[in-house]
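Q: The lines below spell out each chain.
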Amino acid sequence: MPKTALFSNTLVIAILVSFTGCMLLYIALVGPLIAALAVLVLVLGLMVTAERTGKVEPVYHAVEDHKGISLAVIILFVLALPFVLSNNYLLHVAVMGGIYSIVTLGLNFQVGSTGMVNFATAAFFGTGAYTSALLATKFGLSPWFTTVAGVVAAASLGLVFGYPALKTRGYYLSLVTIALQVIFTLMIINTSWLGGPNGIPGIPAYSLGGTSFRLPLAIFGMELPYQANYLYLVFILLGLALMAASRLHNSRTGLAWNAIEQDEIVAVTQGINLTKLKLLAFALGAAFAGLAGGLYGHYTSFIGVEDFDFSKSLVFICMVLLGGMDNAIGVVLGALLLTIVDEKLRDFADYRMLMYSVILIIILLSRPQGLLPKRIRRYQAAKSAGEAKVQL
Amino acid sequence: MNVLQTEALTINFGGLKAVDEVDFAIKDEVIGLLGPNGSGKTTFLNLVSGIYKPTSGKIIFEQADITGAGPNVVREKGIARTFQTNRLCLNLSVIDNLLLGLYSQQKSTWWQAVLQPKRCHKELNRNIEECLEVLHHFNPQLVAKAYEPITAIPLIDRRRIEIARAIVGSPRLLLLDEPTAGLNTEETSQIIGDIGKIRNGSQKVSMIIIEHDMVVISRICHRVVVLNAGKKIADDCFGEVCKNEQVRRAYLGG
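Each protein sequence line maps, in turn, to chains A and B. Quick note on our numbering: the first sequence kicks off at 28 and runs consecutively. Quick note on our numbering: the second sequence kicks off at 984 and runs consecutively.
Derived from the structure by calculation, the hints contain no laboratory data. Glycine included, C-beta positions come from ideal geometry on N, C-alpha and C. Accuracy of the hints is not assured; some may be wrong.
Partial list, computed: chain B residues near chain A (C-beta under 7 Å) [to be verified]:
no.: 1; residue: E1059
no.: 2; residue: G1061
no.: 3; residue: R1070
no.: 4; residue: L1083
no.: 5; residue: S1087
no.: 6; residue: W1093
no.: 7; residue: W1094
no.: 8; residue: V1097
no.: 9; residue: P1100
no.: 10; residue: K1128
no.: 11; residue: I1136
A short, non-exhaustive set of chain B residues, derived as facing chain A with CB atoms under 7 Å [said to hold, decoys possible]:
no.: 12; residue: R1058
no.: 13; residue: R1064
no.: 14; residue: D1079
no.: 15; residue: P1132
no.: 16; residue: A1135
no.: 17; residue: C1220
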């Protein structure tokens, strides 16, 4: 790509980047395993070459300056997805990718921003799912309402789980979260009114204006599979979650989290209340996971304890690591790609987790910072101010 | 009127009295804190900045008792500090490091950041302006590097950024722990010039400086306090302290 085009036609770049991103994800989704892996390798290769030639930042800037257009491309892509995907199963994979993306965005507050490696994300995810499912099945409350209750319950659990983070650091904190995750799983298995090992079946679906989300979506004289309802709902919420996450990242809160990650003593001597900020990272992250959990239960209509066990927590951490710590777009990309790869690996049956681990190890060895690594903050209005000063 | 005052300030680490009944007072002035290695200088700063809780004694800042307050509360009240070893957030940019210094004065909350981004941008832009001004004051060339990570900045400028981070919030009291450690003669005199600029500026700020370089002390300090084995052994102007028999013994032995 000639250098001049890169600077004068930022709009074209923005459209091209978002379109290519969508297309690559589409290819990964519809193609076989090898296609999904090829996309992963391609994204990696593109990032590495772009970094070598110093074109990463200009491309980022182009997309940021034309946020609206890039967003429009992505929205069009998501809207079109149910029309072009002939297969309901692939649509299901896309919905799951969206749900997991919301979880990873929340986990990123803890792992990426604040440097607290939390192995109990699946417990937060499960708290949202179980709270929402129980309230809806036992008390017949509206799933919309119960989902909100699930978010509140998960955030409260986040505060409880965050408490050890105030006392312990690094590996010790991680160990405590592992213990909490295991306690969560055991508690569910051994509590009969939580469904025990049998899980909770028959969770009602969302409905809007009297129409259940589990009925096919009739639009433009076409009948789309019911997954389309959930796809749209999940991606609207993912969009909102992404917006919230990036606004937080660019606020004093996000900066304070980064300072805590770097040096707690420095952070506290700048006036940062460590207790408050660490608990906030846990509670907000848990709220995101709880929201995703509620969506998951009302989507699949059945939840079981194996959906929320320790190995799920590991998968969420891998999504953050692969996508790129403290980079909201990166973790979403990581979550979507890993969800797709994971589904494609079903062909390997018993060897699925083995293959999954091997792929992860190879990627993380070759690029420990993740696909889209952490960036220096570039404050919107500060650009002009900084440049003005430079010209002086 | 005293900006900061300590009364019989003491801290024990096990059986060791690292700071032993120190009475200290600072007005609108620059005080040099001297003493041999292990005499309790840095511990004293850690006590004042709230990192350590005193075993006994009192810390009074602007007529208010702040004994036992946490470091974040102390900073909010207007006491800022730097560290002996350079402690900047290495993978953040220059401007982000400076913005951290304004954290305790920023008003926007996390939910405002999510729901009212315009309002937060306004505050942020004002803060960025403020930081760039301070940066310009220290080293105009640094303004162009505001968006570069600290890893790309030379040591002397990192020192400047650390001092700048401490003064962006216009603190009332500044604690400098060996600001010239690891710098050569040329760089030392530049940093001393920078510290002088802070005093000459419009804001009124008292300083406590830990320093081993006597030339530095004699040039910028109004008064010198000497610690030895946790006890205060002298408190006078530099010339008088040099003649003090106890101080000579502490430094030279015998």
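Q: Hint by hint, say whether it matches the structure.
A: Cross-check of the supplied hints:
Taking 7 Å as the C-beta cut-off, the interface hint given for E1059 (chain B) holds, the closest approach to chain A being about 5 Å. Because the closest C-beta pair between G1061 (chain B) and chain A is about 10 Å apart, greater than 7 Å, the hint is violated. Proximity of R1070 (chain B) to chain A holds as hinted, the smallest CB-CB distance being about 5 Å (cut-off 7 Å). Among the interface hints, the one on L1083 (chain B) holds; its C-beta lies about 5 Å from the nearest C-beta in chain A, closer than the 7 Å criterion.
For S1087 (chain B), the shortest C-beta to C-beta distance to chain A is roughly 3 Å, which falls under 7 Å, so the interface hint holds. A hinted interface residue such as W1093 (chain B) counts as satisfied when its beta carbon comes closer than 7 Å to some beta carbon of chain A; here the least separation is about 4 Å, so the hint holds. With 7 Å as the threshold, the beta carbon of W1094 (chain B) stays out of range of chain A, its nearest partner Cβ sitting at about 9 Å, so the hint is violated. Proximity of V1097 (chain B) to chain A holds as hinted, the smallest CB-CB distance being about 5 Å (cut-off 7 Å).
Look at P1100 (chain B): its Cβ gets to within about 5 Å of chain A, closer than 7 Å, so that hint holds up. For K1128 (chain B), the interface hint is violated, since its Cβ never comes within 7 Å of a Cβ in chain A; the closest pair sits about 10 Å apart. At about 13 Å, the closest approach between the beta carbon of I1136 (chain B) and any beta carbon in chain A exceeds 7 Å, and the interface hint on this residue is violated. This hint holds: R1058 (chain B) has a C-beta 4 Å from the nearest C-beta of chain A, less than the 7 Å allowed.
Hint status for R1064 (chain B) relative to chain A: holds, with the closest Cβ pair at about 6 Å, below 7 Å. Given hint, D1079 (chain B) at the interface with chain A, holds; its Cβ is 6 Å from that chain's nearest Cβ, closer than 7 Å. The interface hint given for P1132 (chain B) holds, since its Cβ lies 6 Å from the closest Cβ of chain A, which is under the 7 Å cut-off. A cut of 7 Å between beta carbons decides the hint on A1135 (chain B): the least distance to chain A is about 10 Å, and the hint is violated.
Nearest Cβ of chain A to the Cβ of C1220 (chain B): about 30 Å, over the 7 Å cut. The hint is violated.
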